[in-house]
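Using the hints provided, position chains B and C relative to the given structure of chain A.
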Amino acid sequence: MTARFHSALLLEVIDLLGTFVFAVEGAMAAAQNGLDLLGLMVLAFATALGGGILRDLLIGSVPPNSIRDWRYPATAFAGAALVFFETGLVTHFPSSLLLTLDAAGLSLFAAAGAAKALDFNIHPFLAVLMGGLTGVGGGTIRDMLLAHIPNVLRSDVYAAAALAGAAVMVLALELKARPALATPLGIAACFLLRMVAVWRHWNLPRVAVH
Amino acid sequence: MTARFHSALLLEVIDLLGTFVFAVEGAMAAAQNGLDLLGLMVLAFATALGGGILRDLLIGSVPPNSIRDWRYPATAFAGAALVFFETGLVTHFPSSLLLTLDAAGLSLFAAAGAAKALDFNIHPFLAVLMGGLTGVGGGTIRDMLLAHIPNVLRSDVYAAAALAGAAVMVLALELKARPALATPLGIAACFLLRMVAVWRHWNLPRVAVH
Amino acid sequence: MTARFHSALLLEVIDLLGTFVFAVEGAMAAAQNGLDLLGLMVLAFATALGGGILRDLLIGSVPPNSIRDWRYPATAFAGAALVFFETGLVTHFPSSLLLTLDAAGLSLFAAAGAAKALDFNIHPFLAVLMGGLTGVGGGTIRDMLLAHIPNVLRSDVYAAAALAGAAVMVLALELKARPALATPLGIAACFLLRMVAVWRHWNLPRVAVH
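Chains as they are written, first to last, in the working numbering: chain A, 1081 to 1290; chain B, 1081 to 1290; chain C, 1081 to 1290.
I should point out that these hints are in silico values taken from the structure, not numbers from a laboratory.
Be a bit skeptical, because a hint or two may be false.
Any copy will do: because identical chains look the same in the list, a pair fits if it lies in one copy or spans two.
Here are the computed lysine to any residue pairs in the SDA-like style, where the Cα-Cα straight-line distance is at most 25 angstroms [as the list claims (entries may be wrong)]:
hint, residue 1, residue 2
1, Lys1256, Ala1268
2, Lys1256, Ala1227
3, Lys1256, Phe1157
4, Lys1256, Asp1149
Chain A on its own, in the form it takes in the complex:
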C-alpha cells in the first residue's frame, strides 16, 4: 500500500525538494538567531524532518523514514550548507518565491503524511491530524528550540491549510476516489488555500481572555 505513494520517482524527488526548502528555512532561522554551524545543521534537520519523524513515531513506523534513509538527513544538511556558504544568495531570494516553495512543501508534506497514516490503519480523522502534524511539526520544533511560541499557533492560515488539504484528500479517498486523483486534489487544496491566505492576509479568529 505504501508503495503507491513512494514508488514513483517523481514523488520522491518532490519529497526531497520539500525537505530541502524546509531545511533552508530552518537554517535561515538559526542564522537570524545567532546560532553557530551546528545550530544551523540541527535547525535544518528539525525543521525539515521533525514533523515526519513525530508522525512516524506516533503511527508506529519505527525507525522513522528519516532515520532509515540517509538521503533525507543528507538533503537537510545540504540546505544548511547552502545557507552557511551562500548566505548572501539565500537572503536575496525573492520572498514571494520562498513563500510559494514553502506552500508547495507544506502541501506535499500534509498529503503524504495523511496518506502514510492511512496506510498504517490510522482512523481517517486522526490521519488528517497526522497530515497537519507532518506539515507543521518541524516548524513547531524549530520555534521551540529557539524558545519562541510557535508561529503556527499564533497567526496566519498555515496549519489550517495543511489540515484542510489532508482532509480533502482523506475525504476523497473515503468517497472511493482513486489515490491518483485524491492525492493531487488534497495537495492543490492546501496550496491554494495557503496562497490565497498569504495574498489576502487571512488570520484565524481568536478570543480575548484576561
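Chains B and C alone, transformed into the frame defined by chain A:
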C-alpha cells in the same frame, strides 16, 4: 490484563471527562496567551493527551491510545470549542470547582498511567514515574509550547501528588491488594494530597544556588 | 551483538558514572533557575537520560533502556539528591574537574549511542548522528524545559566533539577495526577534541544574517 482497567464503561467515561477538563485548561492557557483558534486546538490536544502519548511511546504501546481512538482527540477539541464559543462562561467558572476537577483528572491520569505501565511489564519503580508523567506531561508540553518554564517544575505540590498517588497504587498491588482496591486507593491518595496542598498553600522545598 | 558493548561490567559502571555526572549538572541548572525539588529530579532525569531515550525511540529500541532498567533513573535521582542535600559541596567542586568529568560522560555517551544504533542496523551516517544525539540530547531537553535556546546550538565545540568521536568509531568499524579498538578510539577522539576546545576557547563558525 489491560482489560481490567478499560473494560468498565465507568472508567472510560471518567477518563474522557478528565480529558475534557485538561483540554479546557489548555485552551484557556492558549487564549490567555493570544493564540488563535488553531493554537487553542493544539494546546487543548497537547494538555489533555500529551502525557498519555509520551507514556505510551515510552512503554511501547504504539500507536498511542489517543492516536488509535478518535474519541480522545474529539473530546479534546470539544474542550477547545467550549472555550472558543463560550469564553465568557468558562472564565466565570468558580476557580474552586476548576481546581477540584483538575485534581480529579490528575488523580485518575496518574493511577491509570501507572496501571498501564505495569500491564506492559514496566518495573514498579518506573511505573510510578510513568503515572506521574501521565498526570503532568501534558501540562509540561503546554508550557513548553508557550515558551514558559513548566509550572510543575517550580512550585506547588502537583507532580508530587501524582507520583504519590501512583506510588500508593503500585505499592498496594505489590502487597497483593486487588486492583479494585488498589486503584481507588491511589486515586484517593493523589486527590487528597493535592486538595490539602492547595488549601494549605504547600510548596516543595528548594535550594538556593548562585 | 549488543552484548559486546553491554556485557562488560566495566562499561556499565562507566555508563552509570556518566549518568550521575550529567544528572548532577541537570540538577544544578534546576537549582540555579529556582526550581523546586521536583524540578531538580526532572531536570536530573532529562539531562542524564533524555538523549539515550530519544535515540532509543528513534532506532526502535522500545521501551528505551532507561525505562526498562531502574538503575538508570535511580542513578539520576541520586545525582539530584546530592545537589539537594549537599548543595554547598557541589557548588565548590573545581570547575576543571566538572568539565573533565562532563567531557568523559559526553565521549562515552556518543560512542555508546553510535554503537547501539549500528547494532539496530541503522546506516553508519545516521549512527553518527545518533551518537551525537545521545551525547547532547539530554542537555538540549534540559535547556528547552528552562525556556532557553539550547547552549549546544549557540557556542562552544561540544556537539561537534560528540559527532567527531562517533564518526571516528563508526569509520574505524567500517574499516574492519575490532570494536575493542574502535570504541576506545572514538571515546578518545571526542574527549581530546572537547578538552582542547575548552582549553583554547574554540567556537564553531557562524554566519551573520539580518
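Structure-based check of each hint:
For a Cα distance limit of 25 angstroms, the shortest separation of Lys1256 from Ala1268 inside one copy, 18 angstroms, qualifies, whereas the shortest one across copies, 50 angstroms, does not. In this assembly of identical chains, the alpha carbons of Lys1256 and Ala1227 never lie at most 25 angstroms apart, being 44 angstroms within a copy and 43 angstroms across copies at closest. Taking CA atoms no more than 25 angstroms apart as the test, Lys1256 paired with Phe1157 passes in neither setting, with 39 angstroms inside one copy and 27 angstroms between copies. Proximity of Lys1256 to Asp1149 under the C-alpha cut-off of 25 angstroms is restricted to the inter-copy arrangement: shortest distance 23 angstroms between copies versus 32 angstroms within a copy.
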